[in-house]
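*Asks:* These are the residues of each chain, in order.
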Amino acid sequence: MSFFAILLGIFEGFRVTFSIVVVGLCYAVPFAFCFGILQYFSKGPLYVAVTAIIEFWRSSPVVILLFVFYYSLPAFGITMSAFTVGSLVLGLNTGGYASQAVRAALQSLDRGQYEAGVALGLPRFQILWSIELPQAVVSMVPTFINLWIQLIKGTALVSLITMVDMTARAKEIAQIEYNPVGIYSGLLLAYLIICYPVTIFGRWVEGRNSQEKRA
Amino acid sequence: MCSSITDKTEVQNAVTISELSKFYGEFEALKHIDLEVTQGERVVVCGPSGSGKSTLIRCINGLETFQSGGLEIFGEAAGGKRNGKTDPRHKTGMVFQNFNLFPHMTVLDNCTLSPRKHKRGTRDKLDALALEVLDKVKIKDQADKYPSQLSGGQQQRVAIARALCMEPEILLFDEPTSALDPEMINEVLDVMVQVANEGNTMICVTHEMGFARKVADRVVFMDAGEIVEIAKPEDFFSTPKTDRAAEFLSQVL
Amino acid sequence: MGFDFEYALSIVPQILKALPTTFLVTVLCCFCAAVLAFAMEFTRRSGRILGYVMRFIIDAIRSTPILAQLYFVFFVLPFYGLTLPPMVVGVLGLSVYYSGYLAEVYKAGIDAIPRGQWDAAKALHLSRWDTISVIIAPQMLRNIAAPMGNYFVSILKATPYLAVIAVPEMLGEAFDIASDTFRYAEPILVVGIIFLSLALVIAQLVRLLEERMQQSLKR
Chain R
1 MSFFAILLGI FEGFRVTFSI VVVGLCYAVP FAFCFGILQY FSKGPLYVAV
51 TAIIEFWRSS PVVILLFVFY YSLPAFGITM SAFTVGSLVL GLNTGGYASQ
101 AVRAALQSLD RGQYEAGVAL GLPRFQILWS IELPQAVVSM VPTFINLWIQ
151 LIKGTALVSL ITMVDMTARA KEIAQIEYNP VGIYSGLLLA YLIICYPVTI
201 FGRWVEGRNS QEKRA
Chain A
1 MCSSITDKTE VQNAVTISEL SKFYGEFEAL KHIDLEVTQG ERVVVCGPSG
51 SGKSTLIRCI NGLETFQSGG LEIFGEAAGG KRNGKTDPRH KTGMVFQNFN
101 LFPHMTVLDN CTLSPRKHKR GTRDKLDALA LEVLDKVKIK DQADKYPSQL
151 SGGQQQRVAI ARALCMEPEI LLFDEPTSAL DPEMINEVLD VMVQVANEGN
201 TMICVTHEMG FARKVADRVV FMDAGEIVEI AKPEDFFSTP KTDRAAEFLS
251 QVL
Chain E
1 MGFDFEYALS IVPQILKALP TTFLVTVLCC FCAAVLAFAM EFTRRSGRIL
51 GYVMRFIIDA IRSTPILAQL YFVFFVLPFY GLTLPPMVVG VLGLSVYYSG
101 YLAEVYKAGI DAIPRGQWDA AKALHLSRWD TISVIIAPQM LRNIAAPMGN
151 YFVSILKATP YLAVIAVPEM LGEAFDIASD TFRYAEPILV VGIIFLSLAL
201 VIAQLVRLLE ERMQQSLKR
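Protein chains in written order, with this note's numbering: chain R, 1 to 215; chain A, 1 to 253; chain E, 1 to 219.
Hints were generated in silico from the structure; no laboratory data involved. A virtual CB, placed ideally from N, CA and C, is assigned to each residue, including glycine. Please note: incorrect hints may appear among the correct ones.
[What the hints assert, rightly or not] Calculated cross-link-like contacts (lysine to any residue; reagent style SDA-like; alpha-carbon spacing at most 20 Å): (1) A:Lys117 - A:Gln97; (2) E:Lys122 - A:Glu64; (3) A:Lys119 - E:Ala166; (4) A:Lys119 - E:Met54.
[Stated by the list, open to error] Just a sample of chain A residues kept apart from chain E, beta carbon distances all over 10 Å, derived: (5) Asp34; (6) Phe102; (7) Gln194.
[Stated by the list, open to error] Pair ranges (Cβ atoms, derived): (8) E:Val12 - R:Val137: 41 to 49 Å; (9) A:Glu247 - R:Glu206: 42 to 50 Å; (10) R:Val137 - E:Pro13: 46 to 54 Å; (11) A:Ser250 - E:Gln215: 50 to 58 Å.
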């Protein structure tokens, strides 16, 4: 098998990798905004509850979360498909991190912005929606891009719960042909092809952001 | 070009700059600079901001590179290829506008760092030497403090002590009082006058015209990357030869 | 098959027996990654070509999954006749992966040091190594204590990856138990709870340490 054939074989798993990323983002982004904003606003018991949920998703090692959801939850009568477990766990883990970016971005805004909104007689939600969030989003973008890369890379883990993504394809090929160098450098290259442009894009955005701050 | 040509046989040139040019991209920051500074001479460089005066002294000790022209220190060419010899610029010491003390080291360690790294003696000997210098700049009692615990004027005096501890043959000052609060300027100038009176070769970029009058042998006036005028201070202040110098003087005095 | 709490409790000691391995791997990786990242970051800042090469290497490390990197090291090295114990392979793999991230952290820490510090070091005629080790590194470490602590916690949380290359850390131990008894639910959940509490406690410790450090710096 030529290196190119191996690479093509690995990319047969791209559909699964891609679907997990897309569905994962559908969990991650809403979670990040809902919980980030809730944590920013809430006090007392609500704050504790929100923080606990965020910390659960953020602080547990993602491999372990994946296995717990796949192997342990059925014992409590909750059974989900490997795809659901993969996208849910990877998505909410990423969302947990992203929620902290949302909260930090809101907190670092100049308080004068909020006061100006109050002075204009805007309701609290309106201030958040049309004054605070648009400004905060700009400073969240670099972190979001980094987390997006984390999510793409994280999908390699679904190969451990029976899904046939790119990593699993590499292992399948390894079973029919002894060529570890070709197969595993092909696997690294496959992810590099997907993630490297995003990494470079992230650097570009970051550079632009910090330039604007200086100007 | 300058008056010291007559006694050149007796006094060695500390710094010889010839035809030196520096570019930042298209922009010519220094244009064909010629300047000789003899040993023991005290030269004040002044001029409007952006005139290239800081760039010039940063070129002398190698903080900036230059594209053409020559720079000699005590007759040895600086920059370019090293040929295995120590760069003659090691004979220079520098005091910065923003002090640039090392915040994670005590005052004493700031002073002994360079001599220690160049193996000028045992730690005890170097500590004793540094304390002597700190005493001279009247800050010996702060030797164990960290820079952030000192006032701006005190920090700049430490920076001067740090430069002196290298026992340099040429001292460079880059606007040493520009970052200071007005009430702290004099304590630093006093120390600089004292250092000048000890016979050190000094090149000072400064706007302090009182200091220039008091200690300078010559004043170099720069504008737009060129040396416009070189004169003795009394001549420079009373009868500047060029309009640009006269205009500058009317603004700072 | 429901969840058997008694059984779950009974295997806790057996799983905790692997805790020292988890800690050992974590400490070794933190150390190796920190040192490696240091070398990488200063190479990136040095000569032109070498700097660009290192920049690509760092970005490439950050652009590929840790699992794929571990497989690569685990399966490719023996192909060239270099068979290392899984533990060594694991530490190597995790260290390389996190060195890519720590190099970025170092970069931010160095960029935050005022330009004048480099100027002063040069004006004092310090060598490049003295400048880095005596002037830049201490100030960099001061700037990055917080993110560095966070990455150390991340390394702890990444140790279960090593189960896939047969390093006997806690997750690996749990799978061993599971394959003996065919009960997966309990061992996995036990490991999960241990790791979550561990991560939370250590993150708290790191935060405390950070505050201490910040206070002692405000002299």
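*Asks:* All the hints need checking, so say for each whether the structure fits it.
*Replies:* For each hint, the structure was consulted:
For the suggested pair A:Lys117 and A:Gln97, the alpha carbons sit about 24 Å apart, so the restraint of at most 20 Å is broken. For the given pair, E:Lys122 sits about 11 Å from A:Glu64 by alpha-carbon distance, which is consistent with the 20 Å threshold. Among the hinted pairs, A:Lys119 with E:Ala166 is inconsistent with the structure: their alpha-carbon atoms are about 52 Å apart, more than 20 Å. Proposed proximity of A:Lys119 and E:Met54 is contradicted: the alpha carbons are some 34 Å apart, above 20 Å.
In this structure A:Asp34 is separated from chain E by more than 10 Å, as the shortest Cβ-Cβ distance comes to about 24 Å. Not every CB of chain E is more than 10 Å from the CB of A:Phe102 (nearest about 6 Å), against its label as outside the interface. A:Gln194, annotated as away from the interface, keeps every beta carbon of chain E farther than 10 Å; the closest lies near 21 Å. Here the CB-CB span from E:Val12 to R:Val137 is close to 45 Å, well matched to the stated 41 to 49 Å.
Our hint of 42 to 50 Å for A:Glu247 and R:Glu206 holds, since their Cβ atoms are close to 45 Å apart. For R:Val137 paired with E:Pro13, a C-beta distance near 49 Å keeps the hint of 46 to 54 Å intact. Taking 50 to 58 Å as the suggested C-beta distance range, the pair A:Ser250 and E:Gln215 conforms, at roughly 52 Å.
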